[in-house]
Amino acid sequence: NAGVTQTPKFQVLKTGQSMTLQCAQDMNHNSMYWYRQDPGMGLRLIYYSASEGTTDKGEVPNGYNVSRLNKREFSLRLESAAPSQTSVYFCASSESRVNNEQFFGPGTRLTVL
Amino acid sequence: AQSVTQLGSHVSVSEGALVLLRCNYSSSVPPYLFWYVQYPNQGLQLLLKYTTGATLVKGINGFEAEFNKSQTSFHLRKPSVHISDTAEYFCAVSEMDDYKLSFGAGTTVTVRA
Chain A
1 NAGVTQTPKF QVLKTGQSMT LQCAQDMNHN SMYWYRQDPG MGLRLIYYSA
51 SEGTTDKGEV PNGYNVSRLN KREFSLRLES AAPSQTSVYF CASSESRVNN
101 EQFFGPGTRL TVL
Chain B
1 AQSVTQLGSH VSVSEGALVL LRCNYSSSVP PYLFWYVQYP NQGLQLLLKY
51 TTGATLVKGI NGFEAEFNKS QTSFHLRKPS VHISDTAEYF CAVSEMDDYK
101 LSFGAGTTVT VRA
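So the sequence lines, in the order shown, correspond to chains A and B. To convert, note that position 107 of the first sequence is 107 in the working numbering; the numbers rise steadily by one, no gaps. To convert, note that position 42 of the second sequence is 42 in the working numbering; the numbers rise steadily by one, no gaps.
Treat the hints loosely; a few may be bogus.
[What the hints assert, rightly or not] Distance condition first, Cα-Cα at most 30 Å in a straight line; then the derived BS3-like pairs of lysine-lysine:
#, chain 1, residue 1, chain 2, residue 2
1, A, LYS14, A, LYS57
2, A, LYS57, B, LYS58
3, B, LYS58, B, LYS69
4, A, LYS9, A, LYS57
5, B, LYS49, B, LYS69
6, A, LYS71, B, LYS49
7, A, LYS71, A, LYS57
8, A, LYS9, B, LYS69
9, A, LYS9, A, LYS71
Bear in mind the hints are in silico, worked out from the structure with no lab data behind them. Quantities reported herein were computed from a predicted structural model and do not represent experimental measurements.
All chains, please: the whole structure from these sequences, using the hints.
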């Protein structure tokens with residue numbers, strides 16, 4: 001099992017450019033999540049998907065959109081990148097809401113110039 | 001939303017010494033509690049979790065944590081750290097009927113030879 005995979009690992013964008021971060025999991029989990037990690041702030045939830053076909057906003061959704069393509073895949077899109085979106089982005093998945101152990105991908109380091 | 005406070009953003013300890021990382025949460029109802037570890041340039045992985053039952057929880061790599069309901073705390077400790085324990089540690093909580101996690105800001109542990 002690969003667990004949770006993310007592409008790309010690194011990306012540099014110019015202000016105003018768009019891009020999509022890809023995430024896939026092979027653990028047959030229902031729930032998937034996108035976080036951003038900034039120094040001194042821990043992880044903050046951007047969007048989540050409780051199950052295939054549903055998405056909801058998290059703590060910091062502005063400037064992002066998501067798509068739950070199928071049960072395996074959950075993508076994060078930046079339509080018009082801003083320097084404030086420079087961060088490390090993590091995708092995670094979990095089996096159920098009861099014990100909510102989340103499994104994390106390796107992250108995407110994004111720099112917006 | 002839950003508030004999670006980790007005291008101390010950085011801890012430096014000698015190899016073989018005890019390390020204690022503090023975590024306090026805001027909920028009046030005992031939530032699910034987690035400690036995650038992030039090694040340099042990697043994603044997060046679960047160290048241990050508390051759901052119900054015994055308040056002392058043992059995790060991987062010799063770590064343990066104690067849930068204290070009256071002090072709303074979930075402190076993590078390891079009696080004798082190794083160089084390989086150098087990493088960032090995150091405390092996280094979720095409500096029992098909610099699958100979203102709230103993370104603390106993280107504590108970076110540096111183990112000196």
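Hint by hint, here is what the structure shows:
1. For a cut-off of 30 Å, the pair hint linking LYS14/A to LYS57/A stands: about 25 Å separates their Cα positions.
2. In summary, the hint linking LYS57/A to LYS58/B is not supported, as the alpha carbons are separated by about 34 Å, beyond the 30 Å threshold.
3. For the hint pairing LYS58/B with LYS69/B, the CA-to-CA distance comes to about 17 Å; that is within 30 Å, so the pair holds.
4. Distance check on the hinted pair: LYS9/A and LYS57/A sit about 24 Å apart at the alpha-carbon level, within 30 Å; holds.
5. At roughly 15 Å between alpha-carbon atoms, LYS49/B and LYS69/B fall within 30 Å of each other, so this suggested pair holds.
6. Simply put, LYS71/A and LYS49/B have alpha-carbon atoms about 26 Å apart, close enough for the 30 Å limit, and the pair holds.
7. This hinted pair checks out: LYS71/A and LYS57/A have alpha carbons roughly 18 Å apart, not beyond 30 Å.
8. Proposed proximity of LYS9/A and LYS69/B is contradicted: the alpha carbons are some 40 Å apart, above 30 Å.
9. For the proposed pair LYS9/A and LYS71/A, the alpha carbon gap of about 22 Å is at most 30 Å, so the pair holds.
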